[in-house]
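Novice: Input sequences plus hints: build the corresponding full structure.
Protein sequences, first through last, are from chains A and B.
Residues in the first sequence are numbered from 118 upward in steps of one, following our numbering.
Residues in the second sequence are numbered from 206 upward in steps of one, following our numbering.
Just so you know, these hints were derived from the structure itself, not from any lab.
Positions of the beta carbon are idealized from the N, C-alpha and C atoms, including for glycine.
One or more hints might be untrue.
[As the list claims (entries may be wrong)] Partial list, computed: chain A residues near chain B (C-beta under 7 Å): (1) A231; (2) R386; (3) S389; (4) E561; (5) L563; (6) R571; (7) D572; (8) A575.
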Amino acid sequence: MTGVRGIIQWLIGAAMLVPALGLVLLGPSSSGTAPPDRVVVTYWEKWTDFEGEAMRRLVAKFNDTVGRNKGIYVDYVVTTQIDIKTLIATVAADAPDLAGLWPHNVSSFAAKAALQPLDARAEAAGINADTVIPVYYEQCRYHGSLYAVPLTPWSLALYYNKGLFREHAAELAAAGCDADRPPRTLAELAAYSRILHRRSPTGEIERLGFLPGIPETVGWYWLTWGLWCGGSFFDPASGTIRVDSEPYVRGYEWVRNYALQFGQADVLRFESSLANFNSPDNPFMIGRLAMVQQGPWFANMIRQYAPEIDYGVAPFPTEDGSPIAYCGQDVLVIPRGARHADEAWAFVEWLYTSEPITVPSGRPEPEPGYEYYWAKTPSGRERRPMPPLRPVEWLCWIHYKNGPLVRPSPDFLATHPNPGVQIHDQLARSPLARTEPPVPNWTEVLEEFMAAYRDIWAGRSDVRQRLQKCQGRIDALVAQARSNQQRYGEVYP
Amino acid sequence: MTSLRRILTGLLWIGPWLIGFALFTLVPLTAAGVLAFCQFDGLRRPIFTGLENARVLWSDPLFWKVLSNTATYAAVALPLGAILALALAVLLNARIPGRTLWRALIFLPTLTPLVASAMIWMWMFNGRYGLINQALGVLGVEGPNWLSDPRWTMPSMVLLSLWSVGHAVVIYLAGLQDVPRSLYEAAHVDGAGAMARLWHITLPMVSPAIFFNVVVGIIFVWQVFAVPQIMIPGGGPGRNAYFYTMYLYDVAFRYQRFGYACLLSGVQLGIILLLTVLAFRLSRRLVHYRGVGG
Chain A
118 MTGVRGIIQW LIGAAMLVPA LGLVLLGPSS SGTAPPDRVV VTYWEKWTDF
168 EGEAMRRLVA KFNDTVGRNK GIYVDYVVTT QIDIKTLIAT VAADAPDLAG
218 LWPHNVSSFA AKAALQPLDA RAEAAGINAD TVIPVYYEQC RYHGSLYAVP
268 LTPWSLALYY NKGLFREHAA ELAAAGCDAD RPPRTLAELA AYSRILHRRS
318 PTGEIERLGF LPGIPETVGW YWLTWGLWCG GSFFDPASGT IRVDSEPYVR
368 GYEWVRNYAL QFGQADVLRF ESSLANFNSP DNPFMIGRLA MVQQGPWFAN
418 MIRQYAPEID YGVAPFPTED GSPIAYCGQD VLVIPRGARH ADEAWAFVEW
468 LYTSEPITVP SGRPEPEPGY EYYWAKTPSG RERRPMPPLR PVEWLCWIHY
518 KNGPLVRPSP DFLATHPNPG VQIHDQLARS PLARTEPPVP NWTEVLEEFM
568 AAYRDIWAGR SDVRQRLQKC QGRIDALVAQ ARSNQQRYGE VYP
Chain B
206 MTSLRRILTG LLWIGPWLIG FALFTLVPLT AAGVLAFCQF DGLRRPIFTG
256 LENARVLWSD PLFWKVLSNT ATYAAVALPL GAILALALAV LLNARIPGRT
306 LWRALIFLPT LTPLVASAMI WMWMFNGRYG LINQALGVLG VEGPNWLSDP
356 RWTMPSMVLL SLWSVGHAVV IYLAGLQDVP RSLYEAAHVD GAGAMARLWH
406 ITLPMVSPAI FFNVVVGIIF VWQVFAVPQI MIPGGGPGRN AYFYTMYLYD
456 VAFRYQRFGY ACLLSGVQLG IILLLTVLAF RLSRRLVHYR GVGG
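Specialist: In structure tokens:
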């Protein structure tokens, strides 16, 4: 009997070993292609799809050239929720050597000493305020130190459907709007929208000229309306975030009135009917919106989903028509505790300082951006071999984004596939370029601001009162963050 | 086998669980208890701040908002779910055509992954194309913008909670099938009607199942998270569908205020414990176990 029991026990034990062995053999691991004689740099990045593929190709280029000579192998690991995971890994002393974060993470992580300062390295590589466009460079700094390097920057612009403008040229002209140019002021934006909007026979909105919207639909940049009226998020002198100043009240009253003029419930119903933004049914692609507020990647979405659309790119309309810009970017950081910081920096340095390169797609069919690009010629367009670009510029090029460099390579803008890249580039260089403020608790502040915006957009509150209430809450959050920093002997922001 | 050897063998076999429990439950629970009195952002050393987190919590309007939202949700979704599940179980216990198929259909939604459910219901609740508003339209009623109208976000979530009553239905069904037929026959002979039989026989006899479902329900509704997090991020306008666990997640992982999040989780644990204890107290009077006492 004991013998049988013993056999059963061993069988159960063996059965438990199977999944354990499976986990060891088949569980999460590196790509496994790193040559044995190289130092492996673990690089966490958020990109998938074509953006991820481009970075993967760039990493392969490095690994096959400079990486091979220096004994470095960069292992590209796609990571969702990259900010949270990078933070947790850093806490657990298992940080990646390199991470691609969002710019608002820089101040938040740097304030918690989660990032390595890069000033000395960057200065030696010539990455500084003279070589990087100021709005992007400043966003990588916190308390005077550089904690990140710009990777793929962007600025917001107005993408508008020229075909729809032409189709309604007479109506636009009758209303005093010029169909040959996009709106320049918020008043014009509302006027164009009124003309371009259409309803079904049953009275439902079929098309709107523009839709401010919520972040889950088309209102990704709902936070910018105060900026378009000349406001600013942050007063560096007092270290205060303000969202209840007059420009903000005017900006969000414009949003509120915009919904009211078409009927609050009708607009919300129209908004709820919009399909996934990153899909062929994107409302701009199928003509349900004539204008959208978007970044340079939107040109790539148009190329993929509706290449036949005749569209234009312009600075986003502002209250007085001055070309205010809202800018952001993806950044690279080296977390605290990274085991191969020097090797990780070698890759970052290569992105910025390498001689111009070309990147093969590695696929049988030639691909634009890898093997060739379409050059505009007097007779139409012509297929030409891809010009050499610096690695960081090539990445921006293939992401359809403007670049971070003050002095870009000669071919960067000339060959760029985004017809609006000059606009995005000029906006980023403008003295009116704005970004998120460098405060450690911006995520929490933004959540409070977003709650106010949702109420305003849903027609739930008086704009001024709601913004004042929001300001009160933000003041409390700022006071708390300030006191938290003081406990560590540091200052806010 | 000596008793010491027996103990050691037993410990060896439950060892993996014990280690797992200590590492992933006991230690984190104890750490959370300590960190609730600290300022801790996960990266720098925790600083003991005494009752500072409690002071912040008391004056945090968002804490009271999510507490009120979750209490409202629990107060409506829990009894509504229990009544619906019991009613469905009584129906499915009756001799109706295709009974097995109906039982399978009622249980099926509980097998759907939460994310998939949330995505489907986002379209069901769609103000313009949603099936619910289409059905209401047939009746001549104009449906609301369920997920963007602040008056309807909470009712949407409550309605959605009824989608997965299948688990409770199965438990009630098992309880109902355990009710001795002789009791119904005796009641019938005494002239009791359907409602009287339900009230005086069925409900007391399945009260242990009701009690079990209520306790499990309390634990679940107070932790509602994934579906509203996907469907209405931030709780929608007015934050009317912003629930306790959503706020807890934001405070911990998005704002990195782990000390404050530990206090929030402690309060949540306390509320669930309190309600569970209350349910057990009430059960002494309301739950009837066959062969035990009265």
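Novice: For each hint given before, does the structure comply? Return the numbers of the non-compliant ones in rising order.
Specialist: Violated: hint 5 alone.
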